[in-house]
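A.B. asks: Listed below are the residues making up each chain.
There are 2 protein chains.
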Amino acid sequence: MKLGEGVEAAIHCAATLASVEGNSTMPGAALAESFGLSPSYLLKHLNMLTAARILESVPGPAGGYRLAKPAERITLLDIVLAIEGREPAFRCGEIRRNGPVKLDASAYVKPCGINAAMLKAERAYRAALAETRLSDIVATYQAEGDPRSLAASCAFVERHQRPQKSDPNSQPRERTRQ
Amino acid sequence: MKLGEGVEAAIHCAATLASVEGNSTMPGAALAESFGLSPSYLLKHLNMLTAARILESVPGPAGGYRLAKPAERITLLDIVLAIEGREPAFRCGEIRRNGPVKLDASAYVKPCGINAAMLKAERAYRAALAETRLSDIVATYQAEGDPRSLAASCAFVERHQRPQKSDPNSQPRERTRQ
Chain Z
182 MKLGEGVEAA IHCAATLASV EGNSTMPGAA LAESFGLSPS YLLKHLNMLT
232 AARILESVPG PAGGYRLAKP AERITLLDIV LAIEGREPAF RCGEIRRNGP
282 VKLDASAYVK PCGINAAMLK AERAYRAALA ETRLSDIVAT YQAEGDPRSL
332 AASCAFVERH QRPQKSDPNS QPRERTRQ
Chain C
182 MKLGEGVEAA IHCAATLASV EGNSTMPGAA LAESFGLSPS YLLKHLNMLT
232 AARILESVPG PAGGYRLAKP AERITLLDIV LAIEGREPAF RCGEIRRNGP
282 VKLDASAYVK PCGINAAMLK AERAYRAALA ETRLSDIVAT YQAEGDPRSL
332 AASCAFVERH QRPQKSDPNS QPRERTRQ
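Protein chains in written order, with the working numbering: chain Z, 182 to 359; chain C, 182 to 359.
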C-alpha cells in the first residue's frame, strides 16, 4: 500500500496556508520554494486541493492560494482523499466469480467477506485520519516545533503572503478559482 | 491510496488452502483456475506468501501449496504485508527540511507532526486488519456464502488437493520450500 508523495506536499502546503494572515494568499511558487519542490510538480496537487474546495485559488497580481475554509474544518482525511481519490485502497475485482464453475449473479448477492473485512479496516484508517484537523497539525507544530524552524517558517510566510484589497472582516472570502 | 490487485488473489488463495484436508497441497495452476487468473501472474503472489511463511511450497509430483500454519494464526494484516511490503503507506520525505532556510539536523530531532499523524492512522488500519483471521474469513464464507458457491468450492478443492504420503497426525508438516 502506498500513498503518493503528493500527500506530504499537500498537507505541508495546507498547514503553511493556515498561517497566512486574514484573507491573504500565497503564490504557488512560494509554497514550492518553502519545501524545495518544483512549482510545476506542486501545481498539480494545489489544483487537486482547489478542486476539492480545501484551497481557493485567487487570480491576478496579488493572487495565489489560501484555505477555502478554517483549518478547524479541514481534516487529514479531506486532504488525502483530495490527492488520492475517494476509492478504497482495496478494490474488489470479484475474482470469486471467475472460477471454472459459472453461477448466476444471484449466487453473489451478498458482498464477498474478504471485501467486507478490507473495507472495515479502511473505515478505521479513514476515521483516524478524520480525527486530525489541519488546525491540530498547526497547533502541534507551534507548541513542539524547533524554535528555529518556527521562526524561519513565520518569516517566510510574512515575506510571501499577499494581502488582499478587500477587508476580510467585512466581506466574504472570494470563491474565485483558476 | 491503492493496494495492488495481488492482495485480493492472495487472500482468496489462502482461504482456499485453509480448506484442503490434512497436509494436502494444491497446485498453483489449480488455485489460478479457481479464480480465473493467469498461473504466471498468481505465481508471483504465491511466492510472496511463501517467503512470508504464510504458505509453504512442497516440491515434487504431489507438490503444491498449503498453509504453513493454522488459519487461526494468519491474519489479513499478515497477507497484506506479505504482498505489499512492510513500509507504511505514507512515506515521509522530510520535505520540511528542504526550504530556503537551511537549519542543521538538530532542528528536526522531533518527528514531523504530519508524519506522526499519518502513522497513527496507519496503526489503526493495521490493527483492524490484524483483528481478522483467515479462519474468520473461512467461517463467514461457510456460514453465509451462497450454497451453490460453497458446493462448487468444496468440489473444486476435493478434486485438486493432493494428499501427501506422510501422515499429518503423526509427523510434523514439512517445511520444504521451492
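Incorrect hints may appear among the rest.
No distinction is drawn between identical chains; accordingly, a pair holds when it is met within one copy or between any pair of copies.
Below, computed lysine to any residue pairings styled on SDA-like, alpha-carbon distance capped at 25 Å [unchecked claim]: (1) LYS283 / GLU214; (2) LYS250 / GLY274; (3) LYS301 / SER316; (4) LYS283 / VAL319; (5) LYS291 / THR231; (6) LYS183 / PHE337; (7) LYS183 / ASN228; (8) LYS183 / GLU303; (9) LYS250 / ALA210; (10) LYS225 / PRO269; (11) LYS301 / GLU214; (12) LYS250 / SER205; (13) LYS225 / GLY326; (14) LYS225 / TYR289; (15) LYS283 / ALA243; (16) LYS283 / PRO242; (17) LYS183 / ALA288.
Derived by calculation from the structure, the hints in this document are not laboratory data.
A.B. asks: The structure should be examined with respect to each hint, and the outcome stated for every one.
C.D. replies: Structure-based check of all given hints:
1. In this assembly of identical chains, the alpha carbons of LYS283 and GLU214 lie at most 25 Å apart only when taken from different copies (12 Å versus 57 Å within one copy).
2. When the C-alpha separation of LYS250 and GLY274 is checked against a cutoff of 25 Å, the pair qualifies neither within a copy, at 37 Å, nor between copies, at 27 Å.
3. Only between protomers do LYS301 and SER316 lie at most 25 Å apart by alpha-carbon distance; the minimum there is 17 Å, versus 27 Å within a single protomer.
4. Only between protomers do LYS283 and VAL319 lie at most 25 Å apart by alpha-carbon distance; the minimum there is 21 Å, versus 55 Å within a single protomer.
5. In this homomeric assembly, LYS291 and THR231 never come within 25 Å of each other (Cα to Cα): the closest approach is 38 Å inside a single copy and 31 Å across copies.
6. In the homo-oligomer, the alpha carbons of LYS183 and PHE337 never lie at most 25 Å apart, since the shortest distance is 31 Å inside one protomer and 35 Å across protomers.
7. For a Cα distance limit of 25 Å, the shortest separation of LYS183 from ASN228 qualifies both inside one copy, at 21 Å, and across copies, at 21 Å.
8. In this assembly of identical chains, LYS183 and GLU303 lie within 25 Å of each other by CA distance both inside one copy and across copies; the values are 14 Å within and 11 Å between.
9. In the homo-oligomer, the alpha carbons of LYS250 and ALA210 lie at most 25 Å apart inside one protomer (22 Å), although the nearest pairing across protomers, at 55 Å, exceeds that limit.
10. Proximity of LYS225 and PRO269 under a CA criterion of 25 Å is satisfied in both settings, with 22 Å inside one chain copy and 24 Å between copies.
11. For the identical chains of this complex, LYS301 and GLU214 are neighbours neither inside a copy (39 Å) nor across copies (28 Å), given an alpha-carbon limit of 25 Å.
12. Taking the shortest alpha-carbon separations for LYS250 and SER205, only the intra-copy value of 13 Å comes in at or below 25 Å, while the best inter-copy value is 60 Å.
13. Within a single copy, LYS225 and GLY326 get their C-alpha atoms no closer than 28 Å, and across copies no closer than 44 Å, so neither meets the 25 Å cut-off.
14. For a Cα distance limit of 25 Å, the shortest separation of LYS225 from TYR289 qualifies neither inside one copy, at 40 Å, nor across copies, at 28 Å.
15. Taking CA atoms no more than 25 Å apart as the test, LYS283 paired with ALA243 passes in neither setting, with 63 Å inside one copy and 28 Å between copies.
16. In this assembly of identical chains, the alpha carbons of LYS283 and PRO242 never lie at most 25 Å apart, being 64 Å within a copy and 29 Å across copies at closest.
17. Taking the closest pair of Cα atoms, LYS183 and ALA288 never come within 25 Å of each other, the shortest separation being 33 Å inside a single copy and 28 Å across copies.
Comparing the model with each numbered hint stated earlier shows that hints 2, 5, 6, 11, 13, 14, 15, 16 and 17 do not hold.
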